[in-house]
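Protein chains: 2
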Amino acid sequence: MGVKIALLQLDPTVGDLDGNVSMVEKATRLAAEHGAELAITSELVVSGYPPRDLLLDADFVERCAEAASRIDSPIPLLVGTPLPPQGERHLPANGTMRLVPGRKAKVATRKQLLPTYDVFDELRYFEADKAPGILRLSDSLSIGVTICEDAWQHSGLVPADYDADPIEQLAAWQHQGEPLALSVNLSSSPYHLHKEGTRGDVVRAAAATLGHPFLLCNQVGGNDDLLFDGRSLAAWPDGTLVQAPAWCIGVLLVDTDDPSAAKWLPWPDGSCCPECTCVVEQVAAGADPLTPVTGIDLLAAITSGLGDYCRKSGIERIVLGMSGGVDSSVCAAIACRAVGAENVLGLAMPSRHSSAHSLADAEATAEALGMELQEHSIKELHALAEEGLAEELDAGDPVARENVQARLRGMLVMALANARGAMALATGNKSELAMGYCTLYGDMVGGYAPLGDLYKTEVYEVAKELNSEAERFGETPPITDSTLSKAPSAELAPDQTDQDSLPPYDILDGILEAHIEHGLGVDEIAANGHDPALVKDILSTLHANEHKRWQMAPAPRVSNRAFGQGWRQPLAADHSHHD
Amino acid sequence: MGVKIALLQLDPTVGDLDGNVSMVEKATRLAAEHGAELAITSELVVSGYPPRDLLLDADFVERCAEAASRIDSPIPLLVGTPLPPQGERHLPANGTMRLVPGRKAKVATRKQLLPTYDVFDELRYFEADKAPGILRLSDSLSIGVTICEDAWQHSGLVPADYDADPIEQLAAWQHQGEPLALSVNLSSSPYHLHKEGTRGDVVRAAAATLGHPFLLCNQVGGNDDLLFDGRSLAAWPDGTLVQAPAWCIGVLLVDTDDPSAAKWLPWPDGSCCPECTCVVEQVAAGADPLTPVTGIDLLAAITSGLGDYCRKSGIERIVLGMSGGVDSSVCAAIACRAVGAENVLGLAMPSRHSSAHSLADAEATAEALGMELQEHSIKELHALAEEGLAEELDAGDPVARENVQARLRGMLVMALANARGAMALATGNKSELAMGYCTLYGDMVGGYAPLGDLYKTEVYEVAKELNSEAERFGETPPITDSTLSKAPSAELAPDQTDQDSLPPYDILDGILEAHIEHGLGVDEIAANGHDPALVKDILSTLHANEHKRWQMAPAPRVSNRAFGQGWRQPLAADHSHHD
Chain A
0 MGVKIALLQL DPTVGDLDGN VSMVEKATRL AAEHGAELAI TSELVVSGYP
50 PRDLLLDADF VERCAEAASR IDSPIPLLVG TPLPPQGERH LPANGTMRLV
100 PGRKAKVATR KQLLPTYDVF DELRYFEADK APGILRLSDS LSIGVTICED
150 AWQHSGLVPA DYDADPIEQL AAWQHQGEPL ALSVNLSSSP YHLHKEGTRG
200 DVVRAAAATL GHPFLLCNQV GGNDDLLFDG RSLAAWPDGT LVQAPAWCIG
250 VLLVDTDDPS AAKWLPWPDG SCCPECTCVV EQVAAGADPL TPVTGIDLLA
300 AITSGLGDYC RKSGIERIVL GMSGGVDSSV CAAIACRAVG AENVLGLAMP
350 SRHSSAHSLA DAEATAEALG MELQEHSIKE LHALAEEGLA EELDAGDPVA
400 RENVQARLRG MLVMALANAR GAMALATGNK SELAMGYCTL YGDMVGGYAP
450 LGDLYKTEVY EVAKELNSEA ERFGETPPIT DSTLSKAPSA ELAPDQTDQD
500 SLPPYDILDG ILEAHIEHGL GVDEIAANGH DPALVKDILS TLHANEHKRW
550 QMAPAPRVSN RAFGQGWRQP LAADHSHHD
Chain B
0 MGVKIALLQL DPTVGDLDGN VSMVEKATRL AAEHGAELAI TSELVVSGYP
50 PRDLLLDADF VERCAEAASR IDSPIPLLVG TPLPPQGERH LPANGTMRLV
100 PGRKAKVATR KQLLPTYDVF DELRYFEADK APGILRLSDS LSIGVTICED
150 AWQHSGLVPA DYDADPIEQL AAWQHQGEPL ALSVNLSSSP YHLHKEGTRG
200 DVVRAAAATL GHPFLLCNQV GGNDDLLFDG RSLAAWPDGT LVQAPAWCIG
250 VLLVDTDDPS AAKWLPWPDG SCCPECTCVV EQVAAGADPL TPVTGIDLLA
300 AITSGLGDYC RKSGIERIVL GMSGGVDSSV CAAIACRAVG AENVLGLAMP
350 SRHSSAHSLA DAEATAEALG MELQEHSIKE LHALAEEGLA EELDAGDPVA
400 RENVQARLRG MLVMALANAR GAMALATGNK SELAMGYCTL YGDMVGGYAP
450 LGDLYKTEVY EVAKELNSEA ERFGETPPIT DSTLSKAPSA ELAPDQTDQD
500 SLPPYDILDG ILEAHIEHGL GVDEIAANGH DPALVKDILS TLHANEHKRW
550 QMAPAPRVSN RAFGQGWRQP LAADHSHHD
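Protein chains in written order, with numbering that gives the first Met the number 0: chain A, 0 to 578; chain B, 0 to 578.
Hints in this document: simulated from the structure, not taken from any laboratory.
Misleading hints may appear alongside valid ones.
Since the list gives no way to pick out one identical chain from another, each pair is judged satisfied if it fits inside one copy or across any two copies.
[Stated by the list, open to error] Distance condition first, Cα-Cα at most 20 Å in a straight line; then the derived EDC-like pairs of lysine to aspartate or glutamate:
hint	residue 1	residue 2
1	535	58
2	535	56
3	535	32
4	485	499
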């Protein structure tokens with residue numbers, strides 16, 4: 000007899016316990032209305048993920064557990080929450096609480112594998128349990144419970160190697176006579192491009208070993224610099240898979256007896272998508288989940304990231320510089336989606352080195368988006384600043400002269416942002432940040448960098464998708480043909496183009512990606528057909544610019560590894576802080 | 000029969016394996032010349048501490064172990080180094096290698112307790128050993144070996160609570176007949192104000208339990224934002240203590256039979272202190288180590304931090320804004336000590352709101368220090384910028400107007416720094432950073448913030464010590480009476496003083512310190528006699544400004560806890576990024 004389970008794919012805000020709890024309650028009502036017998040949340044949905052150093056505050060952890068225990072759900076619910084240390088434990092647990100109508104809320108399980116690599120730092124906050132959890136809902140229904148990383152060791156798809164495998168432990172318990180109808184996994188599994196395939200492998204491996212359905216509920220949306228794509232999943236032992244939509248909140252309703260009966264319940268107020276047409280993706284045994292089109296998935300990812308960052312931080316207005324280049328044009332489009340075109344101000348700030356098409360392209364983009372554009376020339380300020388600094392600029396490093404312009408622009412962007420109570424947006428991409436082809440306190444100013452984890456070639460893919468979408472809706476494509484076809488330029492010196500200083504972006508991005516995302520060294524990258532001297536030069540520039548990137552505003556993580564994995568390189572690799 | 004042991008109190012550079020190894024070799028020769036029979040280094044001296052994500056590179060770890068194994072020492076040496084994973088281990092170890100002349104280098108021990116709190120993140124990189132180490136040097140000489148945190152559980156002076164206590168384990172081994180003449184601890188124990196007392200308690204507790212001398216060798220100097228004060232120690236079971244000088248490299252030579260025979264061997268080339276007069280501090284049983292004068296210790300700490308940051312990063316020149324206020328005046332003095340007065344450029348950048356004494360004070364300080372001062376008025380740039388922005392500035396938040404000035408100054412500081420290939424210095428202190436009383440991309444620009452972990456009241460203590468030292472050497476005190484006595488002011492609006500916006504600094508600093516260093520909440524702080532409404536207001540401002548501080552340049556850690564302990568607060572507490 001199948002069980003109807005609801006996976007609550009929600010978008011919690013870190014620290015907003017009341018808001019998160021009330022979102023869970025609403026989702027359980029939606030699930031109950033559609034016949035669900037049991038609801039499962041994502042990992043730490045009560046605190047929001049990642050709660051980071053809030054977890055060092057014992058009061059905060061107590062308040063989370065207390066908030067979890069008073070959730071009012073019409074059906075049995077397993078909810079992810081921080082739990083205060085109990086018994087001989089010294090640290091809180093990353094755990095779950097069981098809520099059954101008419102019964103007292105009860106701590107159910109605790110996470111066993113605590114990832115402490117890449118963006119994860121769970122051993123800083125939590126103490127691990129020593130066995131996987133079992134949730135006994137009735138005499139006839141017990142389910143295995145795992146939390147995120149707990150399920151990953153079994154697939155071998157983690158950089159860490161734990162001395163325990165909770166999936167094997169659950170399987171062993173079954174062999175010893177513990178009857179489990181299914182197992183679940185409460186996840187806050189961060190997004191990176193093409194992660195859907197990896198997650199599918201994880202749940203399939205678990206279902207195959209356990210011989211019963213394995214269901215994974217993931218968080219969705221952005222919290223700080225982490226993005227979560229949702230895509231909650233259920234797998235059956237034969238490899239059949241169903242997957243919830245990405246980037247939407249709602250409920251994935253699964254009948255464990257019938258994969259084809261899985262349904263997506265969109266959020267009632269339309270915050271899933273306007274007139275939601277999202278459906279469950281059915282993946283046959285042996286097949287892979289559809290690979291999303293890169294431009295489409297990245298556009299959704301960075302829009303979700305900036306939108307959530309603004310909404311969750313109370314940011315209602317955005318100011319950004321618009322050069323007519325592809326980066327700032329795409330940023331303007333994303334900003335309009337995040338806070339509404341009427342709340343976005345673009346600044347065209349031509350200098351004596353700016354070309355005529357710069358302003359025309361920025362104007363066309365602003366008009367297509369329906370946002371305000373102001374022109375503030377920096378010509379006079381630039382001339383006056385250069386006059387005062389003439390002696391030092393003439394004698395010194397020529398880069399100083401270029402940076403003066405970028406910093407005057409940064410000052411203007413910040414002045415308008417401060418005056419309007421808005422957030423400035425940094426428009427840089429991952430390729431130029433990697434190469435230090437940007438100005439600290441200049442074009443890098445801003446509270447958020449939507450393109451900070453996108454290579455330049457990926458920015459073009461997003462730009463084209465923005466245009467395609469506009470065309471599909473009968474609107475003017477926001478990114479002009481001129482913006483897309485002209486040679487990228489910082490326009491900080493006469494007739495300058497990016498390729499005066501950098502290799503062509505397709506070559507540069509290939510080398511950067513091989514090193515940053517795949518960890519390859521000079522020899523390995525050169526073996527793939529790149530010029531060894533060029534590779535060496537690029538990687539040493541990359542490492543020398545670590546400090547500059549560290550000062551960057553939060554950028555959403557859309558690739559496997561961001562620079563430095565959240566940590567600065569040590570001093571010995573740090574030679575570029577003076578620019 | 001006593002053993003003569005040399006504790007090599009050195010200043011390694013993270014990543015500079017050759018330099019670190021050669022410094023160790025030089026120290027062993029110095030130790031041998033003075034009759035040492037055995038030398039001990041600080042923790043991870045081969046890689047330098049903290050190596051952070053360099054440890055994710057397996058090649059780097061291999062190279063460290065290889066570099067350690069080829070150290071040429073005339074006497075037996077126990078050296079701290081990363082070790083590649085062995086046997087069933089998956090991660091590297093934080094360990095030691097034993098080098099005995101004429102014998103093959105050999106892995107000796109591995110660290111057992113891996114701190115993962117505050118600035119520590121060792122579970123990200125290392126796998127722990129399950130027992131403390133014993134080093135058998137001869138049939139008659141075995142010593143117990145611990146690494147940093149290994150010795151702290153026993154004292155109870157750590158926020159973590161491990162399920163193991165290596166000191167008790169060593170004691171148990173002794174009871175079972177393992178004869179240990181002494182035990183050692185290889186440390187990289189970061190500095191905070193008044194840490195000397197804590198470390199004394201740790202080594203005394205270990206010596207008392209073990210019933211033999213316990214010796215701790217600590218690193219000295221700055222690596223990135225961490226400072227290490229040296230102060231290597233030896234304790235005897237009766238509580239007698241000897242302590243090496245702070246902030247100096249050299250060798251502490253200890254005779255385990257005779258505390259009074261302990262000697263400090265200064266570094267031969269004078270890099271300890273000019274005409275080193277540093278001596279070993281003898282502390283009788285029952286007495287505490289001398290508490291250093293706050294101003295003296297902080298001055299040494301931040302000078303060591305900036306000096307090492309520049310030397311290790313290849314920074315030879317510094318540019319900073321000088322307002323005539325106490326912060327920038329103290330920063331100028333520290334900069335002159337770090338890179339030499341001839342390599343420091345100060346910029347006086349008066350605006351229409353600047354007072355006459357601002358320039359006079361900056362000039363007097365620059366003259367006393369023997370450094371260059373240039374005047375670059377921002378009056379015209381300011382007027383021109385305001386003219387272009389008039390409409391928005393008139394209608395908007397008044398803070399925008401103030402920030403324009405700070406950002407024009409930031410632009411000038413960076414232009415001069417870029418032109419000269421110098422590093423800009425951020426001059427802000429911890430009090431104003433906590434309150435957001437500073438301008439992002441304005442006075443916050445710079446690659447390093449020497450005062451970033453000093454409360455304003457502590458900056459005054461350092462200023463007075465700078466003057467006292469100058470007087471003792473017959474020089475002109477660099478900080479003028481006017482600078483010390485005038486009301487602090489940002490001078491961004493007519494007749495503005497800090498106290499228009501902030502409580503008096505002695506009250507503010509008391510509240511901030513109670514919360515940041517001691518973790519007290521509103522009620523607890525108010526119970527100490529502060530106005531509850533004021534406390535609440537200050538703490539909420541503090542938390543709202545987390546994002547701004549995160550974008551700050553590295554500041555040395557001189558207090559127990561820096562803001563956010565190295566991590567940003569999550570979004571929900573983050574409302575201030577638009578300024």
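Hint check:
Within a single copy, residue 535 and residue 58 get their C-alpha atoms only as close as 50 Å, which misses the 20 Å cut-off; across copies the closest is 17 Å, which meets it. In the homo-oligomer, the alpha carbons of residue 535 and residue 56 lie at most 20 Å apart only across protomers (17 Å), although the nearest pairing inside one protomer, at 46 Å, exceeds that limit. For the identical chains of this complex, residue 535 and residue 32 are neighbours neither inside a copy (60 Å) nor across copies (44 Å), given an alpha-carbon limit of 20 Å. For the homomeric pair residue 485 and residue 499, the shortest alpha-carbon distance inside one copy (14 Å) is at most 20 Å, but the shortest distance between copies (52 Å) is not.
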